[in-house]
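Q: The primary structure of each chain is shown beneath.
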Amino acid sequence: MKRDPERAKLEAVLRASKLVAGGFLGNDDRPLDEILADDAAALERAGRTRGEVAARMREIGARAREGIETWVPAGGAVEARMIEARGRIPCPWDHPGRYFKTIVEARRTDTGDAARWSDLSVHLIEAHGFFQGRGSPFRLEPRRLVRLLF
Amino acid sequence: MLATAAGILAVSGIAGGLAALLVLAERIIRNYGECEILINGERTLTAQGGQSLLETLSQQKIFIPSACGGRGTCAYCKLKVLDGGGPLLPTEEPYLDAAERAAGVRLSCQVKVRGPLRIEIPEHLFRVREFAATCASIRDLTHDIKEFRFALRDPARIEYTPGQYLQLFTPSYDGNEEVYRAYSMSSDPADREHVELVIRLVPGGICTTWCFEHLQEGDHVTFNGPYGDFRLSKTEAPMIFVAGGSGMAPIKCILHQMQNEGIAREATYFFGANRADELFYLDEMAAFEKALPGFRFVPVVAHPEAGGAWQGETGLVTDAARRNLPDLAGHEGYLCGSPGLIQAAVRVLTDLGMPEDKIYYDTFG
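Chains as they are written, first to last, in my numbering: chain A, 1 to 150; chain B, 151 to 515.
If you are wondering where the hints come from, they were derived from the structure by calculation, not from laboratory data. These figures come from a predicted structure and were not determined experimentally. Heads up, the beta-carbon is just placed ideally off N, CA and C, and yes, glycines get one too. Mixed in with the good hints, there may be bad ones.
To be verified - Just so you have them, the derived chain A footprint on chain B, three or more residues with Cβ under 8 Å: (1) 325-337; (2) 352-364; (3) 464-475; (4) 485-498.
As the list claims (entries may be wrong) - Facing chain B, according to a computed beta carbon distance under 8 Å, are these residues of chain A, among others: (5) I68; (6) E69; (7) M82; (8) I103.
Just chain B, with the same shape it has in the complex (with noise of 0.2 Å):
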């Protein structure tokens, strides 16, 4: 009796040891404690270990491009980890190129703060801040593209380059997890207030059909921006713009900044459609030929209905671009819009004599 007892109890205690054991090794193992991450080899943080690092640096307000909610998909929010990231990873691997590798870049969402680490980040990305703002008003532009105008309530002003872009947080919604997704702004750069982003509906795209079929006016949103640099260079160099859907709006923000500015750089504007009732933003385009003397819009419908009311250039946007224009060296060029519309509008300059380093573009993919 007295050994069954002595045996129940030694059992009981090995177990109770075994348990405890793990609970520490849980606490020891997990726990890694505060963890400083040097930054530019001039600042240093300290945060709570056992986060990524990009939502590490999330928490201290310092907003790494991701569209991905961090699930290595995106590859936008590559950084130099220069120590403590441990092994490069095979959720990494696929979007890093040899080069990358050598130069210690990494997939932030995809690095564990485990202990300290010595990274650099671009200085442009200190000035990115996340943003409360109001949906002011939703326009339809066409069938499946709406405008989406917000109102900034904390903080109340943006500063950004024209060409840049913003990251619309998606709450979740239907079961779909929060993310972010990456929309140029289209607004008036004068405007501090306001942004103004123009997207296009993707069928079964988490963050296009929240925006479609849930936000409504005077919901509120949370943004983090800005970031990219797709913007107008500094040169006298007469400019090709060529765009097609939603790529509309970094080209119509720059060329509200043209006009606040009075830039009379000569440019000449190609944005594509399939049908003639998808184009949009006629008046507006129409108005910055008049501010803009040296400005020309050229609208190609692919598709003019028979019979119909089109007049102008029909068929591939590139091919549009082509025909009209003249030898391009000495030119610059301005993409926005898919990769193959980027791919053939490269083709299209550089044959025409544009150099390939003067063309500057800001694909989706």
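Chain A on its own, in the form it takes in the complex (with noise of 0.2 Å):
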């Protein structure tokens, strides 16, 4: 089956290491599409929406920020600290806006689930649906990830 010369680009992009070290997809292998397909799927599983997982990662990283660096509750049993670099990434969507590297690092006190993410990774799952692939820095596993946030 041919491909999408456009999303043939955007894949290339993803796996490159140009806008982070490793890259999005990590050591994944699978297609992009394949990936997109199964994670929606682990999400569909896991009983919640983009929306609700994006918009349930940007309370905690407003509650993280109060924080200063340091580790506070940020609602539940769910506990979180946000780190700050300089700068800025786009999203490799080519979306105009810009992100800035912020990093939020979440943990449960009950059951020791932990993740990190940052500002462009909530975009990415709630625009695009994207958890990155495994083996990225910042990948996420749908069903874990929903496990950690609610």
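Now that you have both chains on their own, put them together as the hints suggest.
A: Given below as structure tokens:
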């Protein structure tokens, strides 16, 4: 089957380490469309939508920001901290926005589940259903993420 | 037969002509020739057109701050382009407010040199140089912060104002693009042959990953600088420093300056960390307290271990500042850290009476 050249270009950008070390797809050799489909199915099985997940991630991020790089309660059993680095990063889908290099680290005090994400990660999930590839520094498994957030 | 051959010849001729026309057009369109750039109304440089203004100036050894490799994402490379810059691009719009647009401010990485240009460059940027150096030492400060010390090779000496930063060049590795990233100098400014940086590992960060996983002692590096206007004022006002993490760097550099120059201003430094083992430079701060009679270092730990040995201030660094500081009218504030730290610290200091125009900061944003 012939691939859409724009899709192929996007996948090349996601595989390259141009914007983040290691690339957005890490060592995941599945085609982008397969990654997106698998994660969409996993999220549906977990009973949440992209919007719900992104909203909760933003809520945790807002609370973490008040902690000035220290761990603070972020609702329920979740605690989080935010680390901020210089500069901004663009969306690889070539949206006009630029996202601050903020990294939220979150963990549950009851189960020990933990994850980390950036402002861009939240946008990628909400707008593109993209949880990044396995082996990427910011890969989020939908089922584990839902278990952490809610 | 003859007609067929003539037809083939005619078609080939037209095709060849069109190809030649395309080549010619390509040369004419893309060859902008030599372009004159008038800088600050007094100095003209001539450069081959076709590249971005940022690249063109860099080739002429005029270094404009840029942390994103010219991708239009950091917005550090703003310059006034008074004539010849063409229309504002959509890639620039998010970074320029109405006043900047009215004044002709542009992102120099997005402006292409296609003809004569008239621009303004702040005078201090003419002092920026490119340096070749050798990584002399790498020291762990915490689990995710390291100190990198560089011995200068060419030029062999650097002059800078304490509080300023430089841009470290990251070569291509594992397929990433070459980038520059900005780091404040933490070194003793009296040592003009070395610079020292305090760098925190950013997960997925191209430069910090290179520094932590690839850079070795003895390796050659390049950087340019110095940049920035975060510096000690020339007043006698008592000072409050607030920093966290790698925000330690410019404050430490300023403390060296105070020691070197015998500046006896009263100064209190609140430095925040998550845990006691994330505090660093404690010996150096103790040495500054001995050398500077008016200086007090207040480390603040947000989450000391239960039953641990920590006896000092606890909680958020800004809350500790609020608890410990008196009326701050007449004081100056010097802040370095994340936008979250800066916002919270500005709120505390102004609540305590410090005028906002007496608060100086170096934000990561």
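Q: Hint by hint, say whether it matches the structure.
A: Going through the hints against the structure:
no., hint, in the structure
1, 325-337, "holds (count 5)"
2, 352-364, "holds (count 8)"
3, 464-475, "holds (count 3)"
4, 485-498, "holds (count 6)"
5, I68, "holds, 5 Å"
6, E69, "holds, 6 Å"
7, M82, "holds, 7 Å"
8, I103, "holds, 6 Å"
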